[in-house]
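Put together the whole structure using the sequences plus the hints.
Listed in order, the protein sequences are those of chains S and L. Quick note on the working numbering: the first sequence kicks off at 1 and runs consecutively. Quick note on the working numbering: the second sequence kicks off at 1 and runs consecutively.
Worth flagging that the hints you see were computed from the coordinates, not collected in a lab. Heads up, some of the hints might be wrong.
Label-pair ranges, simulated between beta-carbon atoms [as the list claims (entries may be wrong)]:
no., chain 1, residue 1, chain 2, residue 2, range
1, L, E28, S, Y78, 36 to 44 angstroms
2, S, K228, L, L66, 21 to 29 angstroms
3, L, Q70, S, I344, 29 to 37 angstroms
4, S, F253, L, H64, 49 to 57 angstroms
5, L, R50, S, G265, 44 to 52 angstroms
6, L, K20, S, F181, 45 to 53 angstroms
7, S, G81, L, E28, 31 to 39 angstroms
Derived pair list, reagent style DSS-like, types lysine-lysine, alpha-carbon separation capped at 25 angstroms [said to hold, decoys possible]:
no., chain 1, residue 1, chain 2, residue 2
8, L, K19, L, K40
9, L, K19, L, K57
10, S, K228, L, K19
11, S, K155, L, K57
12, L, K40, S, K155
13, L, K57, L, K20
14, L, K40, L, K20
15, L, K20, S, K228
16, S, K29, L, K40
17, L, K57, L, K40
Even glycine gets a Cβ: it sits at the ideal position worked out from N, Cα and C.
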Amino acid sequence: MKLAHLVRPERLIIFAGLIFGISASLLTKWGNPPNMGICVACFYRDIAGALGLHHASVVQYLRPEIPGFMLGAFTSAYAFGEFRARGGSSPLVRFLLGAFFMIGALVFLGCPIRALIRLAGGDLNGITALAGVVAGAAIGIFFLRRGFNLGRSVKVLTAAGWLMPLCMFGLLLLAIFPPSFISFSEEGPGSMHAALWISVLVGLLVGFLAQRTRMCFVGGWRDLILVKDAYLFTGIAAFFIGALVTNFALGNFAAGGLYHWGFVGQPVAQDNHLWNFLGMVLAGLAATLLGGCPLRQTILAGEGDTDAAVTILGLTVGAGFAHNFLLASSPKGVGEFGPAAVLIGLAFCLATGFLMREK
Amino acid sequence: MIEVDVRGFSCPIPVVRTKKALDENPGEPVTVLVESEVSKENVSRLAGSRGCSVEVKEAPDGFHLLLSPQKKS
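And the structure:
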């Protein structure tokens, strides 16, 4: 009997969601930034900063969780015979969708995962963001129903599928033995992090479980609407419950604790509702057209999907643009050119949705 | 026999196309050609929710899924 058949998938995804959510809150206790825990978009942004792709000095750190996710997925994919090197499904479109996803997410200051983490930490702006994600997914479903797709991928050489996991292994080495050209924040969120080995271990565990369960923080909403399938959504719900209960258990909501309920004065956040919503519409739409959120793209790249690997490069470059061009928000408010970039991103996604469909 | 070839497509296109085929051909069996384990799982789950039985055959390029609507007596 195959090991995969020993655990029922619908139970495993709830277990995985709980582990992931609990880890998100615990990582904050162990040093990661408040209400960020494990934000995949934020962490690619920090990696972009550490590599010098942007110079926002408060958000630069080689977050070891990200290589952990991918190498955990890589291990799992090989263990269960699911590693398949493939690619060639509109890589440039995926690159740009990835970049615009990141720009939208950095207007809100978080990906669909951090929206849940923020809400589980009392930040009600998470509700606005989740509404944006669902609206974006709904627009994406409109396109999917009328035949949108990015084309078929084909098999590529196995070595090509290894490239992105190898790059991530290299990033991990740079994090462990940092040369002088890697930037590390001395203050701000980028300076706050758990011990490296803890981050790597949590990353590996979550990456392994996410590969097994196909966990996706946009796909869960999409499948609920598209096919009334709650499988992926149960992972989202379990994640939220895990993070929320852990925050209560840690005393984060007690008097003098880390968190409070409300829209204002939340950690690493701003409360412009219009652009928080529209930023996450962009993120939700881009991720639906891509077929999954940044976590899922990271996992797919670990399984040998070179198109997902290109998407990750788009996320990273998008983070560089977001900070270099004053598109990203800060706790002071929305960035000067953030709204214009969101509108351009939405126009790009709508054009992609309308134009890329089967004949 | 209606055949849906979604080899090379990633999630959620296989599910969308299978759903379309089932909607457009009520009561008809549908064969779906998928490449990955994930697509096999997703299409099988959709078929189950539509009251179809699923017969899976391994193929060199993935899996052939035969979706048969259960006859109502």
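Inset, instruction - Sort out which numbered hints this structure fails and list those numbers smallest first. - result: 3, 16
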